[in-house]
Amino acid sequence: MELRRKAGTGARIPTSSMADIAFLLIVFFMVTTIFKLEQGLAITLPRSTAGEKIPKEKVAHIWIDQTGMISIDDLVVGVPDIEPLVLAKIRENPGLIVSFNTDERAPYRVVNEAMERLKLAHALRVSFTTVPVEQ
Amino acid sequence: MAKFKRGSKISADMVGESSMSDVAFLLLIFFIVSTTFPEIGLPMILPTKGGDVKQVKRENVMQIVTARSGAYFIDIDTESTPLSELKGIVRQRLTDNENLILSLETHPDAPYGSMVDALDEVTLAYDELEAAHIRREHRISLKMLEIE
Chain S
1 MELRRKAGTG ARIPTSSMAD IAFLLIVFFM VTTIFKLEQG LAITLPRSTA GEKIPKEKVA
61 HIWIDQTGMI SIDDLVVGVP DIEPLVLAKI RENPGLIVSF NTDERAPYRV VNEAMERLKL
121 AHALRVSFTT VPVEQ
Chain H
1 MAKFKRGSKI SADMVGESSM SDVAFLLLIF FIVSTTFPEI GLPMILPTKG GDVKQVKREN
61 VMQIVTARSG AYFIDIDTES TPLSELKGIV RQRLTDNENL ILSLETHPDA PYGSMVDALD
121 EVTLAYDELE AAHIRREHRI SLKMLEIE
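Same order as they appear, the protein sequences are chains S and H.
Counting along the first sequence from 1, when you hit position 23 you're at 23 in the working numbering, and nothing is skipped either side.
Counting along the second sequence from 1, when you hit position 54 you're at 54 in the working numbering, and nothing is skipped either side.
Everything labelled a hint here was simulated from the structure, so no lab data went into it.
There may be inaccurate statements among the hints.
What the hints assert, rightly or not - Here are the computed distance ranges between Cβ atoms for each label pair:
1) S:Glu134 to H:Glu79: 27 to 33 angstroms
2) H:Ser21 to S:Thr33: 19 to 25 angstroms
3) S:Val131 to H:Phe73: 22 to 28 angstroms
4) S:Gly78 to H:Ile147: 21 to 27 angstroms
5) H:Ile147 to S:Glu92: 34 to 40 angstroms
6) S:Ala11 to H:Thr36: 47 to 53 angstroms
7) H:Gln55 to S:Lys58: 30 to 36 angstroms
8) S:Arg105 to H:Asp96: 34 to 40 angstroms
9) H:Ile147 to S:Met30: 53 to 59 angstroms
10) S:Gly95 to H:Ser21: 42 to 48 angstroms
11) H:Phe31 to S:Arg105: 33 to 39 angstroms
Said to hold, decoys possible - Output of the computed footprint for chain H on chain S, the stretches with three or more beta carbons under 8 angstroms from beta carbons of chain H:
12) 27 to 35
13) 49 to 55
14) 113 to 119
15) 124 to 133
Where is the CB? At the ideal position from N, CA and C, for every residue including glycine.
Extracted from the complex, chain S is given alone in its bound form:
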């Protein structure tokens, strides 16, 4: 039997599987992406009609639930802890807006105490997070 050697084998790279590789990369990065999630506390937000959009990148959240429990960065904190925590945040981001995610049934006293601590930390820009009312 005679075997003939093929002459001039072209150096071709198969390009049809390039798309597969691209999608593999997309899927890989999608799966490995972790969203920064904040657990917060279980609350019912008050409603408002005059609410404005608050830029997310400047916001730090304070959660206060119905019983007056305060949470910052998923840690339940006492009123005296607010000042150092917010102070550290405001050093990183001087334009910080502290957003109150407070239950509508929470006593006003707790919110007032928290605001007094914010004044001490010179975090003067605040926002009261609400749920928009459909008109």
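Add chain H to chain S, keeping to what the hints say.
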């Protein structure tokens, strides 16, 4: 002996199109999951602690007191004012007196939601008067009633 056909008909350069819809849905689901809605809130600027204390004339202050029950009282009224009427009264007082400062005073045990409702109405009143160049910055003050 079986004969093998040289060269299959499917060319190596073809990309399967049937899985394109899978990819499209994957992308769709990814973006649905990763989308977050903008936060809605009522912005406020707090005064500095012990900072510049300004003397304000009595007639330039309108007090809106939120009682423990969540009822609203304007100035020294003994009759409570329903929330729906608050906006109209604030707007009237603001058109009468441009230098008016609104003081929202809340009972420590009053629910936070009722304070926000009042703040919402006041903000709305200011927004409606914005064309008349009445700004709300530093014109709303939040206070807690001191109860002995």
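Here is what the structure says about each hint:
At about 31 angstroms, the beta-carbon gap between S:Glu134 and H:Glu79 stays in the expected band of 27 to 33 angstroms. The given range of 19 to 25 angstroms is respected by H:Ser21 and S:Thr33, whose C-beta atoms sit roughly 23 angstroms from each other. One distance hint, 22 to 28 angstroms for the beta-carbon pair S:Val131 and H:Phe73, holds here, with the actual separation near 26 angstroms. Range check, S:Gly78 to H:Ile147: about 22 angstroms between beta-carbon atoms, so the 21 to 27 angstroms window is met.
A hinted range of 34 to 40 angstroms holds for the C-beta pair H:Ile147 and S:Glu92, which are about 38 angstroms apart. Distance hint for S:Ala11 and H:Thr36: a CB-CB separation of about 49 angstroms, consistent with the stated range 47 to 53 angstroms. Taking the beta carbon of each, H:Gln55 and S:Lys58 are about 34 angstroms apart, inside 30 to 36 angstroms as hinted. The given range of 34 to 40 angstroms is respected by S:Arg105 and H:Asp96, whose C-beta atoms sit roughly 35 angstroms from each other.
The given range of 53 to 59 angstroms is respected by H:Ile147 and S:Met30, whose C-beta atoms sit roughly 55 angstroms from each other. Distance hint check for S:Gly95 and H:Ser21: the Cβ-Cβ separation is about 44 angstroms, which falls inside the suggested range of 42 to 48 angstroms. Separated by about 36 angstroms at the C-beta atoms, H:Phe31 and S:Arg105 satisfy the suggested range of 33 to 39 angstroms. Interface restraint, the stretch 27 to 35 of chain S with chain H: holds (4 residues with C-beta to C-beta distance below 8 angstroms; minimum three).
Only residues whose C-beta sits within less than 8 angstroms of a C-beta in chain H count toward coverage, and the stretch 49 to 55 of chain S has 6 of them, enough to reach three; the restraint holds. Counting residues of the stretch 113 to 119 of chain S whose CB lies closer than 8 angstroms to any CB of chain H gives 4, so the stated coverage by that chain holds, three being the minimum. Counting residues of the stretch 124 to 133 of chain S whose CB falls under 8 angstroms from any CB of chain H gives 9; the rule of at least 3 is met.
In this structure, none of the earlier numbered hints is contradicted; all agree with it.
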